[in-house]
Amino acid sequence: MTIISAPAGSGKTSLLRAWADRPGQPHPIAVVPVQRDQHDAQQFWLVLLNAVRQASAPASRAEPPAATPGFNGRAMVDRVLSELADVRDGITLVVDDLHELASPEALAQLTRLLVNLPPNVHAVLATRRDLQLRLPQLRLAGELGEIRAADLRFSERETRELLHASGIALSEAGVTLLHLRTEGWAAGLRLAALSLAGHPDPERFVAEFSGSDRTVAEYLIAEMLERQPPGVQDLLLRTSLLDRVNGELADLLTGRPGSERILLALEDANAFVVSLDPGRAWFRYHHLFADLLRLELRQTLPEEVPALHRRAAGWFTQHGQVADAIRHTQAAGDWPDAARLLADHSFSLTLDGQAQTVEALLRAFPRGAPADNPELALVRAGRNLARGRLEEAAAHLAVAETHAEMTPPDRQRRCRVGIASLKLALATRRGNLAGVIEQAELLASPVTGQSGQDIALDSDLRALALMHLGIAEAWALGLPDAERHLQEGAALAREIGRPYVEVACLAQLGFASKIRPFAIARRRCQEAIALADRYGWGTEWMIAPALVTLAANMTWTGEFGEGERWLQRTERALQTDTGPGITLLLHMASGMLQAGRGRHREALEAFSAAEHLGSQLEGSHALASQVTGWMLATQARAGRPGEARASLAALDDERVGSGEVGNARAVISLTEGDPAAALAAVQDVLDGTAPVIGSVTVVEAHLLAGLAHRDLGDQRAANQAAERAFALAEADRLVLPFAMTGSAELLEALPRHETAHAALVADILDVLYGSSLTAKDQSASPQADELSPSELRVLRYLPTNLSRPEIASELSVSVNTVATQLHSIYVKLQVRDRSSAVHRARELRLLSAGRMR
Amino acid sequence: MRVHLPVLDHGVMDPAPAPYVIRIHGHLGATVLSAFPALASRRHGAHTVLTGWLDRSALYGVLAEIEALGLDLLEVRQLTPDAVTTEKEA
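Chains as they are written, first to last, in the working numbering: chain A, 1 to 853; chain B, 854 to 943.
Please note that the accuracy of each hint is not assured.
[Claimed, not checked] Counterexamples of contact, computed for chain A against chain B with all Cβ distances above 12 Å:
no. : residue
1   : Gln54
2   : Arg129
3   : Gly188
4   : Arg214
5   : Tyr219
6   : Leu293
7   : Arg294
8   : Glu296
9   : Leu297
10  : Arg298
11  : Pro302
12  : Met406
[To be verified] With the Cβ distance kept under 10 Å, some of the chain B side facing chain A (calculated, not the full set):
no. : residue
13  : Pro870
14  : Ala871
15  : Val874
16  : Arg876
17  : Ile877
18  : Ala893
19  : Glu928
By construction, these hints were calculated from the structure, which means they are not laboratory data.
Glycine included, C-beta positions come from ideal geometry on N, C-alpha and C.
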């Protein structure tokens with residue numbers, strides 16, 4: 001790694017350009033110029049990522065990296081690191097003007113990048129001042145190269161060469177004088193060369209320059225300017241207040257045509273004007289040069305400055321470069337106009353990934369004035385919400401609402417829609433969804449804007465509003481409107497070209513598809529994820545609802561391996577804090593997976609975590625009773641029925657009456673050996689009087705009833721119950737309820753030719769045993785020695801998670817007895833461990849005989 | 854370049870405005886001086902001396918401006934109250 005640290009005008013950028021343009025460069029070079037006063041980490045990284053891609057694969061026509069409202073710095077650095085590592089031979093990464101990076105986050109992220117740089121990458125950083133990059137280990141290892149001001153200074157010989165190369169004839173004494181006066185400062189020499197080129201009396205120029213005590217830059221720039229034709233002087237002065245300029249914009253500011261030609265000529269003459277793109281349409285001035293010109297402008301044409309800023313703002317607005325437009329409006333001192341522009345465009349700027357730019361623009365407003373401005377308060381509320389500062393967001397939202405009537409009549413509606421939308425987003429984040437319905441009316445009404453721009457702004461706002469509305473509805477009560485609103489939001493977003501909102505709506509649509517057949521929900525999730533992947537948003541938090549819903553969906557159909565993979569992807573996407581809601585889903589899906597695999601302890605952990613998060617939400621959520629029900633059931637299955645009873649007693653009435661908790665009560669009763677009570681517990685579900693979240697609860701209830709009947713000795717009733725469960729589960733090919741309730745024995749007891757669902761039964765058993773049934777039948781299984789009745793009794797406890805002491809206690813024998821019997825079981829079954837014993841016992845149908853007391 | 858940062862008797866930096874003297878190599882013309890409206894300037898040999906009252910943020914703002922304009926900074930010094938009058942007379 002190389003650091004070039006030297007003051008303004010030392011020649012850093014020139015050095016880099018000359019080095020990069022050298023023929024025979026072995027490696028591609030990615031150049032990243034940091035924009036002036038860059039506060040926006042995401043913007044910096046997008047430029048860097050793009051530069052790396054352009055350098056490593058210039059012919060590639062892949063879409064440029066897309067910005068997102070929620071920037072995950074860590075993921076971005078990982079992405080850059082992996083793309084750098086993929087470059088075959090090697091690549092050089094150049095970051096110029098690093099001191100302009102005003103975002104501490106970005107600097108920290110960059111440090112992480114540099115510390116983890118792959119060996120094939122050479123990084124070069126250029127800066128005006130030493131930065132705290134915390135790279136001591138590189139320095140110690142001798143891997144850090146430094147170029148400082150002293151290295152960049154021109155020697156007398158180099159000065160002579162420079163003059164000679166510019167075609168300037170100067171005496172030895174003259175060269176010495178020039179070198180002395182400028183102290184070898186590159187900018188000084190270049191400026192001098194500009195004035196000396198074609199000068200009638202170069203010796204006198206140098207003598208006068210030498211004799212002056214003026215600072216070098218000031219003197220020489222004044223000289224250089226003076227020698228330019230008035231048109232050029234005017235152009236340079238007026239355009240100095242821009243960060244970048246093109247011909248059209250310059251024409252606008254000077255009021256004269258022909259600027260492009262002048263800019264091109266200036267660049268060709270090496271006069272501190274530099275083009276920014278290969279097509280040479282956009283230019284910028286050397287920062288030092290621009291700063292001095294700007295000062296000169298304020299001295300010579302002070303009364304024109306605000307007007308120039310306004311003209312520039314107008315041009316930028318027309319060309320959709322809103323951030324620049326707002327900056328110039330602020331610079332002109334037109335604060336109310338700037339506030340209006342920012343309020344109008346804050347949503348779209350955020351969607352374009354310029355959230356931190358919005359914050360920087362907010363900070364530029366003078367204190368006091370915007371305190372009552374409802375539109376600015378709304379922008380502040382939005383930013384606070386995005387950063388998870390919920391209290392501040394609520395406070396600003398309150399200010400916005402209180403002063404909403406202060407906005408001009410033609411902006412009222414937009415302001416109110418913005419407020420309603422943000423209120424919904426805040427409520428969803430907090431889990432307080434009581435007032436959802438009220439907001440719905442306002443947000444769902446159609447757009448009635450006047451001008452094209454109005455409609456565009458309103459559409460942005462409306463798409464976002466529909467998204468927030470749909471999400472809130474899906475979470476609150478699972479309302480059918482949720483689907484409709486999310487679909488509408490996605491369609492509108494597609495129409496207006498807002499892929500981020502489209503993907504977010506589709507991601508939530510997958511989650512909201514609870515009442516649909518599983519296949520439809522799965523398809524919707526997969527579509528959303530595919531779309532997100534296309535834009536490179538596969539690991540963003542907003543796709544998490546689709547990821548977790550898909551994971552759960554796969555788990556429901558018994559595809560545990562796939563389900564686990566999607567869960568892992570969800571975890572990666574949730575690394576930023578997104579509130580309790582989505583994490584709750586993650587824990588729930590995780591619990592389902594563990595329960596399906598019979599890992600009761602892990603499942604209990606997950607369900608308990610979900611329950612805990614649920615209690616943090618301010619209101620009840622759509623899946624609350626499911627989480628509670630499964631947690632209680634798993635407590636029982638993990639051998640703690642007493643605990644489950646206690647938790648049950650502590651529940652409020654609403655939850656107690658739900659079908660899911662009814663099922664849990666049945667599980668507890670079954671574990672306690674009371675099948676009659678279990679039957680009573682599921683009665684409400686079976687006859688349809690208990691509220692249920694979905695048909696899966698009813699499937700579960702049938703299975704639990706079946707297990708109860710079997711325990712009571714009524715095999716026929718047990719078979720009937722199982723058949724009913726199949727009937728319900730067939731359409732979606734559900735496997736999980738069978739796995740979770742431990743119904744393998746129920747299925748085995750079914751006379752195969754009597755069931756109408758033979759295929760489903762076979763599939764379920766496949767999953768439960770983790771191996772193919774047909775393969776097992778064909779293999780020759782050696783006959784095991786017969787197990788004694790007491791050994792059989794112990795055997796039946798093996799599929800549970802009870803430990804040996806617990807089994808001993810259940811059987812009222814000593815632990816030693818159990819140990820001996822287990823040993824004997826293992827020998828007779830020719831296995832070495834508990835799970836193999838269970839597996840073998842099932843193969844031999846030892847576990848389906850008799851019943852468990 | 855020597856920098857003497859402000860330290861009071863009890864060793865704590867005072868954020869309230871304090872009198873500063875900033876010495877720069879070369880004579881600053883009207884244009885560059887307009888970048889330092891809060892400071893008075895006078896020539897002192899081959900140097901320019903800027904004086905004025907600055908709080909902490911203003912001080913760093915001035916330093917940033919000096920960096921941006923590529924000026925040759927020689928000295929930054931905070932004055933004690935009686936030294937202010939002495940400076941003025943110099």
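Self-check item: Index of numbered hints that the structure contradicts, given in increasing order
Solution: When the structure is compared with the hints, numbers 2, 3, 4, 5, 6, 7, 8, 9, 10, 11, 13, 14, 15, 16, 18 and 19 turn out to be violated.
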